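Start from the sequences and build out the full structure, keeping to the hints where you can.
Protein chains: 2
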Amino acid sequence: MDTSRWAAAPAPTASLRRRGAVLERAILDAALEQLGTVGWNGLTMEGVAAGAQTGKAAVYRRWPSKEDLVADALQAALPRLEGAPDLGAVREDLLALCRQARAAMFSLPGSALRAVIHECDQSQAGRFHGVIFDGVVEPTIKLLREVITRGIGRGEVRPDAANGYVFDAIPAMMMYRSKMCGSEWSDRDLEEMIDLLMLPLLRPEGA
Amino acid sequence: MDTSRWAAAPAPTASLRRRGAVLERAILDAALEQLGTVGWNGLTMEGVAAGAQTGKAAVYRRWPSKEDLVADALQAALPRLEGAPDLGAVREDLLALCRQARAAMFSLPGSALRAVIHECDQSQAGRFHGVIFDGVVEPTIKLLREVITRGIGRGEVRPDAANGYVFDAIPAMMMYRSKMCGSEWSDRDLEEMIDLLMLPLLRPEGA
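Sequence order for the protein chains is A and B. Take the first sequence: its position 122, counting from 1, is numbered 122 in the numbering used here, and each next residue is one higher. Take the second sequence: its position 188, counting from 1, is numbered 188 in the numbering used here, and each next residue is one higher.
Quick caveat, the hints were computed from the structure, so don't treat them as lab data. Keep in mind it's a predicted model, so treat the numbers as computed, not measured.
Since copy identity is lost for identical chains, a pair holds within one copy or between any two.
With a cut-off of at most 30 Å between alpha-carbon atoms, the simulated DSSO-like pairs for lysine-lysine come out as follows:
{"id": "1", "residue 1": "Lys-66", "residue 2": "Lys-56"}
{"id": "2", "residue 1": "Lys-142", "residue 2": "Lys-179"}
{"id": "3", "residue 1": "Lys-179", "residue 2": "Lys-66"}
Laid out in structure tokens, this is it:
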């Protein structure tokens with residue numbers, strides 16, 4: 001996996017003592033680079049420190065463990081979701097939102113995240129599931145909430161649809177089919193989910 | 001975990017050469033017993049053979065690997081779902097079905113299965129996710145299908161609700177909230193899911 005384009009800036013010369021955010025950025029980039037070359041199993045704190053042209057202590061001071069470091073590096077690299085789509089109809093808004101969530105999960109960092117979950121111990125996997133939740137699922141639900149609330153305002157969505165089970169339906173279904181069927185959620189799969197599951201769930205009675 | 005009550009029959013005397021199903025039953029019981037005492041990590045094919053009062057060869061002949069043996073043992077021990085509930089209304093039928101699925105996942109073998117998934121390598125975990133799918137999820141979906149079809153016949157459910165996204169909604173939501181929130185699906189949680197997600201999804205338009 002080529003992660004060279006993740007690096008934000010070239011490594012500074014050894015004589016420059018970096019501080020704060022610049023050093024942290026270099027360490028996180030080195031972690032992503034190591035993930036891309038040697039993977040979770042091959043990644044070491046020493047290797048990351050060397051890659052960031054700093055000492056081990058600078059790494060451990062900020063990230064006590066390998067999973068803390070890699071979790072932060074991936075969280076920072078995940079694509080940010082754009083704002084809630086507003087295309088004039090809830091069907092189109094939901095589709096646009098699902099495409100964004102899919103893009104995040106199948107982005108380079110999203111794929112790296114899923115690879116790490118596959119490689120690490122079960123005791124560490126929870127940390128990385130947390131990165132998926134904080135970095136993709138929770139932002140998606142927040143935007144779903146906005147789209148659905150706007151739909152209620154437009155009379156496209158029944159007023160009692162603004163509840164946690166409705167908001168969770170899309171992330172739940174996307175994760176389920178991803179895990180159980182290896183689904184990669186094509187545009188057609190997303191449309192089917194919206195048309196067969198979400199629209200019937202959201203439309204007002206008698207619509 | 002006390003798995004002594006899983007044993008179907010007492011171990012026969014050493015002089016009796018057992019064959020076929022009886023020997024297999026003894027081996028599977030010994031595997032469950034080992035899981036209960038030393039867990040996935042401590043379980044060995046030799047230990048299982050000794051517990052079944054047989055030789056290693058008899059075990060390996062039928063189960064080439066540790067995960068094949070433990071997967072079969074747990075699959076066989078999982079409670080069977082009863083038939084599709086028929087309580088006169090789709091809400092009650094769905095609730096009864098969800099309680100059965102919950103009982104299977106939180107049964108002794110279901111909990112052992114989830115513990116094994118937690119302890120084993122990621123390369124082995126897929127095998128055990130398969131046991132959950134084959135042993136609990138797929139039978140549940142089959143019964144959901146019957147309940148929903150009966151509801152369509154009674155006019156309680158819209159005719160176009162008989163599709164894969166609707167059938168998957170319950171397993172997807174139960175697995176999602178179990179994983180993301182550690183939900184143990186109380187009766188109240190099940191009722192909320194049925195009332196807030198399933199009934200609006202299933203009811204005919206204008207109902």
